[in-house]
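Trainee: These are the residues of each chain, in order.
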Amino acid sequence: MVKGAMPKPMDQDRVNHRLELLDMTKTQSSLGAVSRVKRVVKLLTALAASVVSTHALADWSALNMTKGVTEISRQVYDLHMLIFTICVVIGVVVFGIMIWSMLVHRKSLGAEPASFSHSTKLEYAWTIIPIFILIGMAVPATSTLRDMYDASEADIDIEVRGYQWKWQYRYLNDDPTQEVKFMSALLTPPDEYYNRTPKREHYLADVDNPLVIPINKKVRFLVTSNDVIHSWWVPDFAVKKDAIPGFVHEAWAKVEEPGIYRGKCTELCGKDHGFMPIVVKAVEQEEYEAWLAMKQQEALEVYETVGKTWTMAELMETGEKVYAQHCQTCHQANGEGIPPAFPSLVGQGLAIGPIDPHIDIVVNGKAGSAMQAFAAQLNPAEIAAVVTYERNAWGNDVGDLVQPREVNALVSGEE
Amino acid sequence: MSAVIENHHDDHHHGPDKGLMRWVLTTNHKDIGTLYLWFSFMMFLVGGCMALVIRAELFQPGLQLVVPEFFNQMTTMHGLIMVFGAVMPAFVGLANWLVPMMIGAPDMALPRMNNYSFWILPFAFGMLLSTLFMEGGAPNFGWTFYAPLSTEYAPPSVTFFIFAVHLMGISSIMGSINVIVTILNLRAPGMRLMDMPLFVWTWLITAYLLIAVMPVLAGVVTMMLMDIHFGTAFFNAGGGGDPVLFQHVFWFFGHPEVYIMILPAFGIVSAIIPTFARKKLFGYDSMVYATASIAFLSFIVWAHHMFTVGMPIAGELYFMYATMLIAVPTGVKVFNWVATMWQGSMTFETPMLFAIAFVILFTIGGLSGLMLAIVPADFQYHDTYFVVAHFHYVLVPGSIFSIMAAAYYWLPKWTGNMYDETLGKTHFWLSFVGVNVTFFPQHFIGLAGMPRRYPDYALQFADWNMVSSVGAFLFGFSQLLFLFIVIKCIRGGKQATDEVWDGAEGLEWTVESPAPYHTFSTPPALPERSLA
Ligand code: HEM
Ligand SMILES: [Cu+2]
Chain X
461 MVKGAMPKPM DQDRVNHRLE LLDMTKTQSS LGAVSRVKRV VKLLTALAAS
511 VVSTHALADW SALNMTKGVT EISRQVYDLH MLIFTICVVI GVVVFGIMIW
561 SMLVHRKSLG AEPASFSHST KLEYAWTIIP IFILIGMAVP ATSTLRDMYD
611 ASEADIDIEV RGYQWKWQYR YLNDDPTQEV KFMSALLTPP DEYYNRTPKR
661 EHYLADVDNP LVIPINKKVR FLVTSNDVIH SWWVPDFAVK KDAIPGFVHE
711 AWAKVEEPGI YRGKCTELCG KDHGFMPIVV KAVEQEEYEA WLAMKQQEAL
761 EVYETVGKTW TMAELMETGE KVYAQHCQTC HQANGEGIPP AFPSLVGQGL
811 AIGPIDPHID IVVNGKAGSA MQAFAAQLNP AEIAAVVTYE RNAWGNDVGD
861 LVQPREVNAL VSGEE
Chain F
455 MSAVIENHHD DHHHGPDKGL MRWVLTTNHK DIGTLYLWFS FMMFLVGGCM
505 ALVIRAELFQ PGLQLVVPEF FNQMTTMHGL IMVFGAVMPA FVGLANWLVP
555 MMIGAPDMAL PRMNNYSFWI LPFAFGMLLS TLFMEGGAPN FGWTFYAPLS
605 TEYAPPSVTF FIFAVHLMGI SSIMGSINVI VTILNLRAPG MRLMDMPLFV
655 WTWLITAYLL IAVMPVLAGV VTMMLMDIHF GTAFFNAGGG GDPVLFQHVF
705 WFFGHPEVYI MILPAFGIVS AIIPTFARKK LFGYDSMVYA TASIAFLSFI
755 VWAHHMFTVG MPIAGELYFM YATMLIAVPT GVKVFNWVAT MWQGSMTFET
805 PMLFAIAFVI LFTIGGLSGL MLAIVPADFQ YHDTYFVVAH FHYVLVPGSI
855 FSIMAAAYYW LPKWTGNMYD ETLGKTHFWL SFVGVNVTFF PQHFIGLAGM
905 PRRYPDYALQ FADWNMVSSV GAFLFGFSQL LFLFIVIKCI RGGKQATDEV
955 WDGAEGLEWT VESPAPYHTF STPPALPERS LA
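Protein chains in written order, with this note's numbering: chain X, 461 to 875; chain F, 455 to 986.
In case anyone wonders, no lab produced these hints; they're calculated from the structure. Bear in mind that the values here come from a model prediction, so they are computed numbers and not experimental data. All residues carry an ideal CB built from backbone N, CA and C; glycine is no exception. A hint or two may mislead.
[As the list claims (entries may be wrong)] One side of the interface only, derived from the structure: several residues of chain F facing chain X at Cβ under 8 Å:
#1 V500
#2 H702
#3 G798
#4 I828
[Claimed, not checked] Computed cross-link-like contacts, SDA-like style, restricted to lysine to any residue with a CA-CA straight-line distance of at most 20 Å:
#5 F:K734 / X:G596
#6 X:K581 / F:K734
#7 X:K527 / X:K678
#8 F:K948 / F:W963
#9 F:K734 / X:S575
#10 X:K826 / F:P610
#11 X:K826 / F:N690
#12 X:K567 / F:K942
#13 X:K678 / X:L752
#14 X:K826 / F:G693
#15 F:K942 / F:T880
#16 F:K734 / X:S579
#17 F:K879 / X:I559
#18 X:K581 / F:Q797
#19 X:K826 / F:T686
#20 X:K567 / F:R732
#21 F:K734 / X:M562
#22 X:K567 / F:V954
#23 F:K734 / F:V792
#24 X:K567 / F:P610
Bound conformation, chain F alone:
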């Protein structure tokens, strides 16, 4: 880009403003990335506390701590906050920090809009959380908010929930437009699409998914709003509407949404494993094609969440076959990662530990997904803890572990300091044990017949629920250690080199550590055609 002609990024150009207004008014991609990441971490803790309320109540049979009404509010808010408040903003934060640095761009293409996308979020979540204090309580109909429980039978706060979802949607759509425009227009001269690091590729595809499905989510909540306040009957059988329509529209958003939460994770892991195996990523091209096929397939499998709503057999069979197909590109990815490790020269620093745990535990989640795709068996699994185990395996040691891996991997670049490796490894092992103790038994609780979203349960489920709760507290409290490690790293530590990791490749490692406030004001010359 010709607008910027300085030779040095730091000679006369301004650095960050001072004080609070720096953060409110900032249009700098690094500042905005930081805001997103801190926001996401706060939401992670808030959502985590709700999870602990749930697990504490389920520690023993009987109602000890909360009443069922409040329990339902906790499961609902936990899901909404983790999905929309923790995982998605964390990936957007990483995209902000990394995409411009990885493609050699000076900033995001639309910096002012970038600022808006972030600052909408605190209002959206402030509104969502405020419903907890409203008369009638917070939304209590599950993060999937099936009508008519979420319309005719909803607490009055549902209107605030709808408005909050609209705000989140606007924020996501603006964020994705920004990512797409940046990637398509601001790549360093000579960087072809097939030269881009996989994190950039996966985010490009994720951004398209977001633009395609967030409006569908907005549509479905608007239909709810109409039903609740303006006398329509989209989802009201009594008025000639169709409650199942709700589920179709919701899952048409919802299934791509789950891939929105995992594709960037694929990109992160594809950056980390080659670094610590000191070997090029295996099958770059097939990684890109696999990501694209997963994204495409994600639009045509939504009703696998609805096998028990009474679809005709042809519908069940179609959605079963289509869902099973997703296992193929997913398998390709896993095999590629394993092949990348194979005959490498591996070391196991914290980011690598999280990345390897990701591959193993995500695969377990993928395999249970395959089991869930088998319709006759899904009749038994559906809406039990088996499903809870499945999606937590892909989301916690999946998405969340990848985010933590990313944080450890790039923290030295962001702060200029190395994090404390011993503490990092401790954090990893506590999290790893915690996650598995929490979620592995849930497979069995589910198979044995415990439905999800139950505040209390029959006695034969008692033992494994207790184990699961213990694991949840272990995992939850370990995250405070993560907070400590990050703060410690920001405040000091061993000075990081520019390259940070000896096997790391990519443009972000060519700038100094910490990355200066403005990078690539002049487009970099690409070293050679081998960034990926």
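Same shape as in the complex, but just chain X:
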């Protein structure tokens, strides 16, 4: 199960049956291919059995669209089930007639071909009846869509900004010093997806800094992008909005149950499209307020750290962390990159040249390449640290360092 919400009460028999299935679906990372094949076979038999059993539909929930945790997402689920059921009925009728015909109207059974080749009445019927079925589908679809587009005043505004390959969340606030803003990136280490260490729970579905929102409040997401098109999808909210550079699109959610809701990027955005998940933590109002206050405090502290003079050791320590979080996907842990798209930083280029161009490329990025402008995502202390780190790691040993305040001057001087 993706989220922590409890299943609705149902009779014990069903629960057990369902748990069994879930248990089989749950993957333990240590399983090898062979045992997984066995499990697949088991799962297939279990499913086949459950199809014939009476409460088949309940057991499909792990394979079906989520009901989600908002009024809207439930409406969408119901709409999906309605349309799906209509389609299944149409399919059963049409295929039933075909199969009947195939069994009965065979030459081998001595069937003689009939000679009719049209029937105006029938043809009218099967043009007009479908139109009515379609109208029956369009009515609930239209009303659900109108509810989804309800643009009435929201309680909280959060900007969601796509980056190659992470998300930035910004809690809009009239007072700029109160504005909380942070990046949210994949937590799963490369060792797990390159199969060097076992895959843990929430493989590829966990982030370092989840988005936190309060329950029972209407939250407005303002979705946009910094580079290519991404798409911000949280199935439990039935929210999927493309993040497009140059546009800001709105989506809303009013979450009813506290929990952790996981989503994904759904528009191809380059190499790590599959590696920029979304995690939203919905909490009670008080918890939310406490969290926000803490974040605001943190922001203030960062602001202050920019003023102090850092030692080389401090810069290197912070720099290593920042590098792992933001630079490593392209330039790799050993700094050697994946040339030519992602150049090596070791023993060549800007990392061992004069310091100013080095700071510049980190702050402003390089147009036409995957190297982005980090000024928007990293604070001056982080930029100073990572530049210092790159100049002195992997045997580069240039020996110089840069202070956050110098970076700050550069960044704010430009704005």
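The hints should help you fit chain F with the ligands onto chain X, whose structure is shown.
Mentor: Frame of chain X; chain F with the ligands shown alone:
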């Protein structure tokens, strides 16, 4: 046509040239049809290998075989090659072989241009494939190549991709002009439009679609080229452009394009089912009107691919209603096929098996299409494996099955030999099982939340991905059996009669088997007003 006055097609007129130059210089519609079909099959295998790379990587969670950069190149090239290299040329090949024979024409109207249309293709695809070996790799932005991923952020090979797309477009446009001119001018005397076999009708309409939308595709890639090399900013928000404009222009081409890949299939199935049901096609007129309405509607529904780009609600509603409407003529077709089977006297040779599987599985794809048209639900389905399942159901057991049905159905006419029925049926059942094992679970993977174009996935998707991969390998390797059957049939086999199938109707069955190099040098006398 009065230019040709021999009485016998084979007495003194020349046959094919000898050697390789026969194929390079040929202007004969049958030779060119053969070239198209072989080319398409080769591309089908190349694109298929790419699909198998994708499915092998997705067999288990984790990155085992390829890195994400290369994975993206595989999905992109797979899509491009299957759409432009396998499905479209196969239909053009069938049109070349069959349209003149079905309407009693001696050849295509513009034979020299026919030769050019084909010979452009190897260069176009050679160029496209060569990008795999270029620095920075092949195109990696998906077959829908959304800007700015395909412009500002594209690998350098994008320029070659653009040039290749231009070449394919030129080839398609020339091919369609040829089809239209042939059908409108070279029909046997007395054959009215409403006497034409449905395959001819569907191709006529498809050719108009092609002429209408290939220039739009050329336009959109030219705008990309300008953005990349000449400093314009059509799609660059930073320069005042609009990335969403790209999608509108692309899908204005793209939606009719998907119908380009299915209308000729409708024509094929409408030829095969009556033959093996030994009964006339039900509702010929409504088939023609349904095809025409689908073609018309296909121009006004494009933004159903873009429900999540943030259109105003009025736009969403309009595109939802318009898309739902397509289900009506599509339904009419399916009902007509079922009514054709009803009270027939059916036998189930390989072409019929493929045709019936087409009707059933295409309908499943149509029904999932209807689900996708419902905007609120599409927000959940969009860009997940549910969409992947949808379009593979309409394209693989849809378009591709129809092409295979056509190959089995007309092979005896082309080669003069019957194919091996037992092997054909084996091929059918392997493909049928393979396709369903591959694509049916993808509906559920998608509903459960797995996005498309992901090289790796969260653990709850593991089991069904494994099933899907197994199916893909089964389907893929079964196609080698198809290759074997075709070669075997070319090299020998039971001699086919002229009529080949006992219920077959149409002019192509009136010429001998194998069809001589030149047919209908003298226009045939139509047996009666009942060809269709
Ligand atoms: C009743 C008929 C059909 C309807 C209502 C329908 C509807 C749709 C919709 C709404 C989508 C967009 C889904 C999304 O991205 O969220 C879609 C995607 C697609 N459809 Fe259909 N469809 C139908 C038939 C067909 C046919 C006949 C073909 C081709 C032979 C086809 C090929 C495709 C393809 C290739 C895509 C995906 C393109 C991409 O994003 O890569 N569809 N369809
Ligand atoms: Cu479409």
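Trainee: Please go over all the hints and tell whether each is borne out by the structure.
Mentor: Verification of the hints:
Taking 8 Å as the C-beta contact cut-off toward chain X, the hint placing V500 (chain F) at the interface is violated, the least distance being around 22 Å. Restraint check, H702 (chain F) versus chain X: the minimum CB separation of about 13 Å is more than 8 Å; hint violated. Evaluation of the G798 (chain F) hint against chain X yields a held restraint, the C-beta minimum of about 5 Å falling below 8 Å. Using the Cβ-Cβ criterion of 8 Å, the hint placing I828 (chain F) at the interface with chain X is satisfied: the shortest such distance is roughly 5 Å.
For the hint linking K734 (chain F) to G596 (chain X), the alpha-carbon distance of about 34 Å lies beyond 20 Å, and the restraint is violated. For the given pair, K581 (chain X) sits about 18 Å from K734 (chain F) by alpha-carbon distance, which is consistent with the 20 Å threshold. The suggested pairing of K527 (chain X) with K678 (chain X) holds, with an alpha-carbon distance near 19 Å, which does not exceed 20 Å. A C-alpha spacing of about 17 Å is found between K948 (chain F) and W963 (chain F), which places the hinted pair at or below 20 Å, so the restraint holds.
Between the alpha carbons of K734 (chain F) and S575 (chain X) the distance comes to roughly 7 Å, so the proposed pair stays at or under 20 Å and holds. Taking the CA atoms of K826 (chain X) and P610 (chain F), the gap is near 16 Å; set against the 20 Å cutoff, the hint holds. Under the criterion of a C-alpha separation no larger than 20 Å, the hint pairing K826 (chain X) with N690 (chain F) is consistent with the structure, at around 16 Å. The straight-line distance between the Cα atoms of K567 (chain X) and K942 (chain F) is roughly 29 Å, outside the 20 Å bound, and the hint therefore fails.
A hinted pair counts as satisfied when its Cα atoms are at most 20 Å apart, and K678 (chain X) with L752 (chain X) qualifies at roughly 17 Å. Proximity of K826 (chain X) to G693 (chain F) is assessed by CA-CA distance (about 16 Å); at most 20 Å being required, the pair is judged to hold. Distance hint between K942 (chain F) and T880 (chain F) is fulfilled; the C-alpha atoms sit about 15 Å from each other, no more than 20 Å. A threshold of 20 Å between alpha carbons decides the hint, and for K734 (chain F) with S579 (chain X) the separation of about 13 Å falls inside it, so the pair holds.
At most 20 Å may separate the alpha-carbon atoms for a hinted pair to count; K879 (chain F) and I559 (chain X) meet this at roughly 18 Å. Of the pairs offered as hints, the one joining K581 (chain X) and Q797 (chain F) holds, with about 18 Å between alpha carbons and a cut-off of 20 Å not exceeded. For a cut-off of 20 Å, the pair hint linking K826 (chain X) to T686 (chain F) stands: about 19 Å separates their Cα positions. This hinted pair checks out: K567 (chain X) and R732 (chain F) have alpha carbons roughly 9 Å apart, not beyond 20 Å.
Annotation: proposed proximity of K734 (chain F) to M562 (chain X) holds, straight-line Cα distance about 16 Å (limit 20 Å). With a C-alpha separation of about 17 Å, the suggested pair K567 (chain X) and V954 (chain F) falls inside the 20 Å cut-off, and the hint holds. For the hint pairing K734 (chain F) with V792 (chain F), the CA-to-CA distance comes to about 12 Å; that is within 20 Å, so the pair holds. Only pairs whose Cα atoms come within 20 Å are accepted, and K567 (chain X) paired with P610 (chain F) is rejected, the gap being roughly 60 Å.
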